[in-house]
Structures are given as C-alpha cells and as structure tokens.
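This is what each chain is made of:
There are 2 protein chains.
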Amino acid sequence: MVDEREPHDEKLALILRTAAAIFAEKGYHQASIRDISRATGISLSGLYYYVRSKEEILFRIQEHAFSTVRENVLRLMAEGGTPEEKLSKLVENHLRFFVTNMQEMKVLSHEATALTGDARRRVNDLKRRYTELAMGLLREIEPRKSPEDLRVATFALFGMMNWIYNWYRPGRDLQVEELAAEMTRIFLKGFPGESQPRDPVEGTTEPQPSIWRA
Amino acid sequence: MVDEREPHDEKLALILRTAAAIFAEKGYHQASIRDISRATGISLSGLYYYVRSKEEILFRIQEHAFSTVRENVLRLMAEGGTPEEKLSKLVENHLRFFVTNMQEMKVLSHEATALTGDARRRVNDLKRRYTELAMGLLREIEPRKSPEDLRVATFALFGMMNWIYNWYRPGRDLQVEELAAEMTRIFLKGFPGESQPRDPVEGTTEPQPSIWRA
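Heads up: the protein sequence lines correspond to chains Y and Z, in order. Here the first sequence is numbered in the working numbering, starting from 21 and rising by one per residue. Here the second sequence is numbered in the working numbering, starting from 21 and rising by one per residue.
These are computed hints drawn from the structure, not numbers from a lab. Just so it is clear, the structure is predicted and the values come from calculations on it, not from any experiment. The reader is advised that the hints may include incorrect statements.
In this list, chains with the same sequence are indistinguishable; a pair is considered to hold if it fits within one copy or across any two.
[What the hints assert, rightly or not] Here are the simulated DMTMM-like pairs of lysine to aspartate or glutamate, each with C-alpha atoms no more than 25 Å apart in a straight line:
#1 Lys126 with Glu162
#2 Lys165 with Glu197
#3 Lys165 with Asp193
#4 Lys147 with Asp55
#5 Lys109 with Glu76
#6 Lys126 with Glu214
#7 Lys31 with Glu112
#8 Lys147 with Glu197
#9 Lys126 with Glu83
#10 Lys31 with Glu214
#11 Lys165 with Asp55
#12 Lys147 with Asp193
#13 Lys74 with Glu162
#14 Lys209 with Glu91
#15 Lys46 with Glu214
#16 Lys126 with Glu168
#17 Lys165 with Glu198
#18 Lys209 with Glu162
#19 Lys209 with Asp55
#20 Lys209 with Glu45
#21 Lys74 with Glu197
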C-alpha cells in the first residue's frame with residue numbers, strides 16, 4: 021500500500037505538482053516516471069525514494085486534493101451560520117480551490133477511474149464523504165426532497181462548479197468570490213433575477229493558495 | 021482535410037461507435053488504429069478506406085455529436101413556445117443525447133483538446149454555435165443580465181448537464197425526462213421548492229436513439 025507521508029516535504033510537493041501538470045497535459049496513461057524526472061530535475065532513483073510508482077503519484081495527488089478541500093470546508097462549517105450560508109462557503113471554497121489548482125482538478129476529473137484496488141477505494145471514500153457533506157447541507161435547506169432529488173441536486177451543483185476547467189479564464193471572467201456568489205444564487209434562487217452588483221475594480225490580486233502548501 | 025462523407029454508411033458508423041468506446045476506455049492517445057481494427061474485425065487497409073488517421077476518427081466523432089445535438093435542438097425550437105419552454109426542450113434533448121451516448125460524450129469532454137489545426141477549429145465552431153443557442157435563450161429569459169453573468173449561467177447549465185457521465189446510472193436514477201424536468205426547475209427556480217411528482221412505474225423503456233443512426 022501507499023504510505024502515509026504527507027507532502028510537507030518540499031521535494032515531494034514539487035514531484036506531485038509537476039506530475040499533476042504532466043498528467044493534465046498528456047493524460048495519466050501516456051505520462052511516464054521519466055517525464056516527471058526530466059521536468060523536476062530529480063533523478064529516477066531520487067523519485068523512487070519518494071514514491072513507489074506512477075500510480076502512487078496519482079493516488080497522492082487525488083488524496084491530497086480531496087482531503088484538503090474537505091478539511092477546509094469542515095473548518096468553515098465550524099464557524100456556524102444558516103445552511104444557506106454554509107452552502108455559500110462550500111461553493112466559494114470549492115471554486116477557489118479549483119481555480120487555483122486547475123491542473124490537479126483536471127487530473128481528478130479525467131483520471132477518476134485510473135486508480136485500482138485499495139488506492140481507488142480510499143479516494144472514493146474521501147470523495148463520498150465530501151459529497152455527503154454537501155448533500156447534508158441541501159437536506160437541511162430542503163428537508164422535503166426525496167433521496168433521488170437530493171442526488172440530482174447535489175451532482176447538479178458539483179457539475180456546475182467542476183465544469184469550470186472547461187471555460188473559466190482567470191483574470192478575464194468574474195473573480196472567484198463573484199463567481200461563487202453567482203453560482204450559489206443560481207442554485208438557490210434560479211437563474212432569472214438580479215445578480216449581485218460587480219466590483220468594477222479589475223485585476224485585484226487574490227491570495228492563491230496552492231494545494232501543495234498548507 | 022477530412023472529407024465530408026456522412027456516417028450513413030453502416031461500416032463507418034460501426035468504426036466510429038467502436039472507436040468512441042475504445043477512446044472512452046483507454047484515452048485517445050493510448051488507443052491505436054490497431055485496437056480499432058481488432059475490435060471491429062475490419063482490416064487495417066479496410067479502415068484506411070474509411071478514415072485517413074486516428075485524428076480523423078476523433079474529429080468525426082466530435083463533429084457528428086455536436087452537429088446532431090444542435091440540429092435536434094433547432095428542430096425542437098422551430099416548434100415555437102416561450103423561451104422557458106424552449107430551454108426545457110434543449111435540456112431534455114441534451115440529456116437524452118448524453119445518456120444514450122455516454123461513451124461518445126466522455127470522449128467529447130476528455131479529448132476536447134486532442135484535435136489540432138483545422139479539425140479543432142471546425143469542432144470549436146460547432147460547439148460555439150451550440151453554446152450560443154443556449155445563451156440566446158437565457159438572454160431572452162432574462163435580458164437584464166450582463167455578458168459576464170450570461171456566460172456564467174450558460175456554462176453553469178452545461179456543467180450541470182455534462183457532469184452526469186460521472187454519476188448517472190441509467191435504470192437506477194431518475195428517467196431522462198424526469199432528470200431534465202428537475203434540472204430545468206433547479207436552473208430556472210432554484211433548488212428549494214417542490215420537485216415534480218415522479219412516475220412510480222419503474223423500468224419503462226424509452227426510445228434510445230444512438231447518435232449513429234439518423
């Protein structure tokens with residue numbers, strides 16, 4: 021099994037970040053450990069000190085991303101608020117995370133089925149727990165929904181958010197917090213109606229926390 | 021350039037359908053013409069009578085899918101109705117098409133950037149025209165929206181719909197027309213509120229038009 025070392029080690033973080041970019045570019049199956057060695061400047065034997073295989077790299081990228089996004093949401097939930105406010109925080113956290121780590125997110129979306137065995141089960145378990153967090157909020161907002169409708173609504177929300185890697189242009193489209201406010205508004209109130217007024221100031225810099233730094 | 025033969029030829033339709041399944045399974049870059057030859061039982065020289073390259077196959081899958089889905093919507097729009105009714109038809113057409121051709125749709129989503137040059141431009145042009153059709157309806161529904169908000173709303177809607185290849189289980193989840201009604205409701209009115217009552221009859225068979233037959 022893959023081991024439990026956390027990517028606080030800078031070299032490991034470099035390996036995972038670089039690998040994510042290569043997987044996003046070429047696809048996981050086409051990429052090789054040799055590509056990662058070349059791009060990081062770390063020798064093959066150096067790489068194998070950190071990871072046992074290409075599959076372990078994919079596992080660690082996925083595990084780290086889903087753990088981080090879920091832990092962030094749990095911390096935000098602990099601040100309290102109405103279910104709608106909590107949902108709005110979940111959407112903003114998810115989108116900020118996604119926009120900041122587009123490469124990693126593309127890998128999560130496209131290589132969801134590339135893992136096998138225990139690694140796949142562990143990632144699926146993390147995903148399931150994160151999905152249930154969102155579904156629980158929707159159940160609080162609208163307790164009358166059937167399980168089938170809750171399922172549709174939860175994945176409609178994730179689809180809305182996750183699809184952004186296909187169209188969102190950082191710096192040209194809405195800023196992340198505006199995007200989050202608008203998607204939350206569409207999801208809770210429907211598309212028609214007034215959007216929130218936009219901040220006319222362009223190009224303000226937001227903190228962009230990479231998932232590879234705590 | 022790729023030529024204009026339409027896949028009314030059964031053998032070509034077989035090649036494209038089989039190739040779509042193989043691309044969806046292995047990824048486009050990992051798949052070979054040889055894989056397609058093996059799976060279809062058509063010799064390599066037979067394949068090269070129909071298509072010039074693996075890239076032409078990918079192009080024809082994408083071109084055929086986007087043309088078909090857009091032509092269907094144009095036909096439905098021509099029946100008239102309010103913008104909301106038209107949107108509801110677009111959503112049902114899109115989801116039915118998607119559910120019926122999950123393999124092809126996965127290829128469209130994941131291999132969007134695998135095409136190059138002229139083929140890529142032509143597919144992007146088809147996509148843009150289909151996207152603008154949806155955006156035009158949203159503009160009719162809510163003329164006050166800014167272009168930025170229309171863009172967010174349009175891609176939020178497509179994200180909601182396209183994400184289904186990650187979670188939808190035909191035969192276990194809602195039937196396509198129920199799914200379409202619920203997604204349209206969420207998009208136009210917001211998630212809270214009553215969903216339409218469901219038909220309790222399970223396992224009714226719906227016509228499942230494959231994109232490879234007219």
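Hint by hint, here is what the structure shows:
1. In this assembly of identical chains, Lys126 and Glu162 lie within 25 Å of each other by CA distance neither inside one copy nor across copies; the values are 31 Å within and 32 Å between.
2. When the C-alpha separation of Lys165 and Glu197 is checked against a cutoff of 25 Å, the pair qualifies only between copies, where the shortest distance is 18 Å, while the shortest distance within a copy is 28 Å.
3. For the homomeric pair Lys165 and Asp193, the shortest alpha-carbon distance between copies (15 Å) is at most 25 Å, but the shortest distance inside one copy (34 Å) is not.
4. Taking the shortest alpha-carbon separations for Lys147 and Asp55, neither the intra-copy value of 28 Å nor the inter-copy value of 33 Å comes in at or below 25 Å.
5. Taking CA atoms no more than 25 Å apart as the test, Lys109 paired with Glu76 passes in neither setting, with 31 Å inside one copy and 45 Å between copies.
6. For the homomeric pair Lys126 and Glu214, neither the shortest alpha-carbon distance inside one copy (32 Å) nor that between copies (34 Å) is at most 25 Å.
7. For the homomeric pair Lys31 and Glu112, neither the shortest alpha-carbon distance inside one copy (30 Å) nor that between copies (49 Å) is at most 25 Å.
8. With identical chains, the CA atoms of Lys147 and Glu197 are at most 25 Å apart within one copy only, with a shortest distance of 24 Å there and 28 Å across copies.
9. Taking CA atoms no more than 25 Å apart as the test, Lys126 paired with Glu83 passes in both settings, with 14 Å inside one copy and 23 Å between copies.
10. For the homomeric pair Lys31 and Glu214, neither the shortest alpha-carbon distance inside one copy (48 Å) nor that between copies (52 Å) is at most 25 Å.
11. With identical chains, the CA atoms of Lys165 and Asp55 are never at most 25 Å apart, being 49 Å at best within one copy and 46 Å at best between copies.
12. For a Cα distance limit of 25 Å, the shortest separation of Lys147 from Asp193 across copies, 19 Å, qualifies, whereas the shortest one inside one copy, 28 Å, does not.
13. With identical chains, the CA atoms of Lys74 and Glu162 are never at most 25 Å apart, being 43 Å at best within one copy and 49 Å at best between copies.
14. Taking the closest pair of Cα atoms, Lys209 and Glu91 never come within 25 Å of each other, the shortest separation being 28 Å inside a single copy and 31 Å across copies.
15. Within a single copy, Lys46 and Glu214 get their C-alpha atoms no closer than 41 Å, and across copies no closer than 45 Å, so neither meets the 25 Å cut-off.
16. In this assembly of identical chains, the alpha carbons of Lys126 and Glu168 lie at most 25 Å apart only when taken from different copies (23 Å versus 27 Å within one copy).
17. Within a single copy, Lys165 and Glu198 get their C-alpha atoms only as close as 28 Å, which misses the 25 Å cut-off; across copies the closest is 14 Å, which meets it.
18. For the homomeric pair Lys209 and Glu162, the shortest alpha-carbon distances inside one copy (13 Å) and between copies (14 Å) are both at most 25 Å.
19. Taking the shortest alpha-carbon separations for Lys209 and Asp55, neither the intra-copy value of 47 Å nor the inter-copy value of 49 Å comes in at or below 25 Å.
20. Taking the closest pair of Cα atoms, Lys209 and Glu45 never come within 25 Å of each other, the shortest separation being 37 Å inside a single copy and 38 Å across copies.
21. With identical chains, the CA atoms of Lys74 and Glu197 are never at most 25 Å apart, being 35 Å at best within one copy and 42 Å at best between copies.
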